[in-house]
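Asks: Below are the chains, spelled out letter by letter.
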Amino acid sequence: MLIIGGGPGGAATAMFLVREGIKPVILEQEEFPRYHIGESLTGEGGQSLRRLGLEDEMVKREHPVKHGVKVFGTSGVNSWYVPVSARDKEWNLSFSTTWQVRRSDFDTMMLKEAETRGATVMRGTATKPLLADDGAVRGVTVRWPDGKSEDIETQIVLDCSGQATFLANQRVTGPKYVGSYDKQVAFFSQVTGAVRGPGISGEDAKDNTLIFYAKKFHWAWFIPIDGDVVSVGMVTPRADFLAKKQTPEEFFRNELYDINPEVRKRIPEMNLVEKVHVIPNYSYQVRGFCGKGFICIGDAHRFIDPIFSFGLTVTMREAEFAAPLVREYLEGKRRNGDNPFAEHQVFCEKGIDNLEDMIDLFWEQPFAFATFVYHRYPDQLTDAFAGRIYPTEHQPSPAVVAFRKMLKRTREYDQDVYSVPIGSRFHPERAALWEPNSPVATTEQWMGAR
Amino acid sequence: MEIPQKLKEYIDNNRGSLPPITDPDEPLQIDSLGLIRLVAFLESDLGYRVEDEELIAENFATLRRLGELLATKTPTAPTAEAKASAQEGIPTFSAKRET
Numbered sequence: 000m001l002i003i004g005g006g007p008g009g010a011a012t013a014m015f016l017v018r019e020g021i022k023p024v025i026l027e028q029e030e031f032p033r034y035h036i037g038e039s040l041t042g043e044g045g046q047s048l049r050r051l052g053l054e055d056e057m058v059k060r061e062h063p064v065k066h067g068v069k070v071f072g073t074s075g076v077n078s079w080y081v082p083v084s085a086r087d088k089e090w091n092l093s094f095s096t097t098w099q100v101r102r103s104d105f106d107t108m109m110l111k112e113a114e115t116r117g118a119t120v121m122r123g124t125a126t127k128p129l130l131a132d133d134g135a136v137r138g139v140t141v142r143w144p145d146g147k148s149e150d151i152e153t154q155i156v157l158d159c160s161g162q163a164t165f166l167a168n169q170r171v172t173g174p175k176y177v178g179s180y181d182k183q184v185a186f187f188s189q190v191t192g193a194v195r196g197p198g199i200s201g202e203d204a205k206d207n208t209l210i211f212y213a214k215k216f217h218w219a220w221f222i223p224i225d226g227d228v229v230s231v232g233m234v235t236p237r238a239d240f241l242a243k244k245q246t247p248e249e250f251f252r253n254e255l256y257d258i259n260p261e262v263r264k265r266i267p268e269m270n271l272v273e274k275v276h277v278i279p280n281y282s283y284q285v286r287g288f289c290g291k292g293f294i295c296i297g298d299a300h301r302f303i304d305p306i307f308s309f310g311l312t313v314t315m316r317e318a319e320f321a322a323p324l325v326r327e328y329l330e331g332k333r334r335n336g337d338n339p340f341a342e343h344q345v346f347c348e349k350g351i352d353n354l355e356d357m358i359d360l361f362w363e364q365p366f367a368f369a370t371f372v373y374h375r376y377p378d379q380l381t382d383a384f385a386g387r388i389y390p391t392e393h394q395p396s397p398a399v400v401a402f403r404k405m406l407k408r409t410r411e412y413d414q415d416v417y418s419v420p421i422g423s424r425f426h427p428e429r430a431a432l433w434e435p436n437s438p439v440a441t442t443e444q445w446m447g448a449r
Numbered sequence: 000m001e002i003p004q005k006l007k008e009y010i011d012n013n014r015g016s017l018p019p020i021t022d023p024d025e026p027l028q029i030d031s032l033g034l035i036r037l038v039a040f041l042e043s044d045l046g047y048r049v050e051d052e053e054l055i056a057e058n059f060a061t062l063r064r065l066g067e068l069l070a071t072k073t074p075t076a077p078t079a080e081a082k083a084s085a086q087e088g089i090p091t092f093s094a095k096r097e098t
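Listed in order, the protein sequences are those of chains A and B. Numbered per numbering that gives the first Met the number 0, the first sequence spans residues 0 to 449. Numbered per numbering that gives the first Met the number 0, the second sequence spans residues 0 to 98.
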């Protein structure tokens, strides 16, 4: 039983499998610790760590405690606070906390912990899947650090390769579609001397996430990752960056303060302690990401707009959902039919679809979205922001139903290829939504009717 | 166009230091957070139901636009929903103006 990728998805998958009595092998090509972006957990991400018995370790390592997210409106005058929440078994809502993590530390902790619990971690790169006659994945070819290659046979491959999307790139899965959010660029670094909240809990807690909203598809984040350092990032349309003809660092330093007046108050001086990284805010979705002998987990099958920090949470939750199914598969169950994990696949898609509808409405109709959050559906949206997004968690909630109605969007799941992804219905003839003087006003218009 | 007196008072009291509105086409100049509170006031205190599709800022731009919106509606007894959900210890979203 082989896991490709030793990031938090792979490590969490391994630990949930150990809980099921399975000791997997994790294949990781990089030496840890290594830099990675994606530093915040939502409420349910924290709960996943707690279920893995890692709370004491998180506290001992002094990962910053996140009580909520504060979102500053365009003028910097108005703010919204989204508290981290939890539900008990009776579905009663309560305040909770989760964590911010420096990924180099957190990922190393997760991988070491998986090893301590019984997983085997091997340095190497998966280069090619091995396929049986019926198309089932029966292993992978691995290139070891000494350059030698070897075929490894296994009953099931769990693809936790992140944005490398190993199995999708190898065409083992269904098609990989480009998503809605692919015209933006994220610039990010780390700063010292930033001004955090003055409190120890609630809205003003010192280690909360701050989001600075500027306008459609322009925003910045502020995520404390230890006692001194804050991760700061800025997302802008790629066209803006290209028009300025600056280096990424120049652009980041010049433009960050213009995102929102609150940014300067929070970051009085730009003491960068990490290089300025640049990545396209590239979103994608892989269809058919589960099948005979394989499951893709987390970014290995889908990446959406990262504004509400769902990445780590979704990955760890998918790891938890997959583990008992993998055990059953190894016990010889689920061997009939084309896709032994079809239900899991739709279950995961539905969860992220709920998120995607929420994020799209946030961008398309901020006033309606804010009214929903603040006035109309506060409980349902505190659930969504915490990552309670799956069919077993009262989803789609009336809030999500309302999002879809407003976006004039339907979601169908009763076919094998249940729909072309929302973000790709008009692909590849895309209108240039973010270019200056764009004739296209909304994502829905841009994507066109189905 | 008819604007209930309570609503006119609410708007006049929520425009910061701006004087009371006299022209129905004068922009209300209520910011986004203020608009959400206005929707809450319409629903919870005056008993109007604002449909999701009507939650666009243009419908709340002037007294005339607001009057046109409300002319399509019949108020019911105030629901006071928003007040009931603000119980202590239950996570809800809070919004505020920085001072």
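Because the hints were derived from the structure by calculation, they are not lab data. Be careful, since some hints might not be right.
[Said to hold, decoys possible] Using 27 Å as the maximum straight-line C-alpha spacing, the simulated DSSO-like pairs for lysine-lysine come out as follows:
no.: 1; chain 1: A; residue 1: LYS274; chain 2: A; residue 2: LYS244
no.: 2; chain 1: B; residue 1: LYS72; chain 2: A; residue 2: LYS404
no.: 3; chain 1: B; residue 1: LYS5; chain 2: A; residue 2: LYS407
[Unchecked claim] In silico contact screen, one side only, chain A against chain B (beta carbon under 8 Å); selected entries:
no.: 4; residue: TYR176
no.: 5; residue: PRO395
no.: 6; residue: PRO397
no.: 7; residue: ARG403
no.: 8; residue: MET405
We treat Cβ as the ideally placed atom computed from N, Cα and C, and that holds for glycine.
Asks: Look at each hint and say if it fits the structure.
Replies: Outcome of the hint check:
no., hint, in the structure
1, A:LYS274 x A:LYS244, "19 Å, holds"
2, B:LYS72 x A:LYS404, "21 Å, holds"
3, B:LYS5 x A:LYS407, "35 Å, violated"
4, TYR176, "29 Å, violated"
5, PRO395, "15 Å, violated"
6, PRO397, "10 Å, violated"
7, ARG403, "11 Å, violated"
8, MET405, "6 Å, holds"
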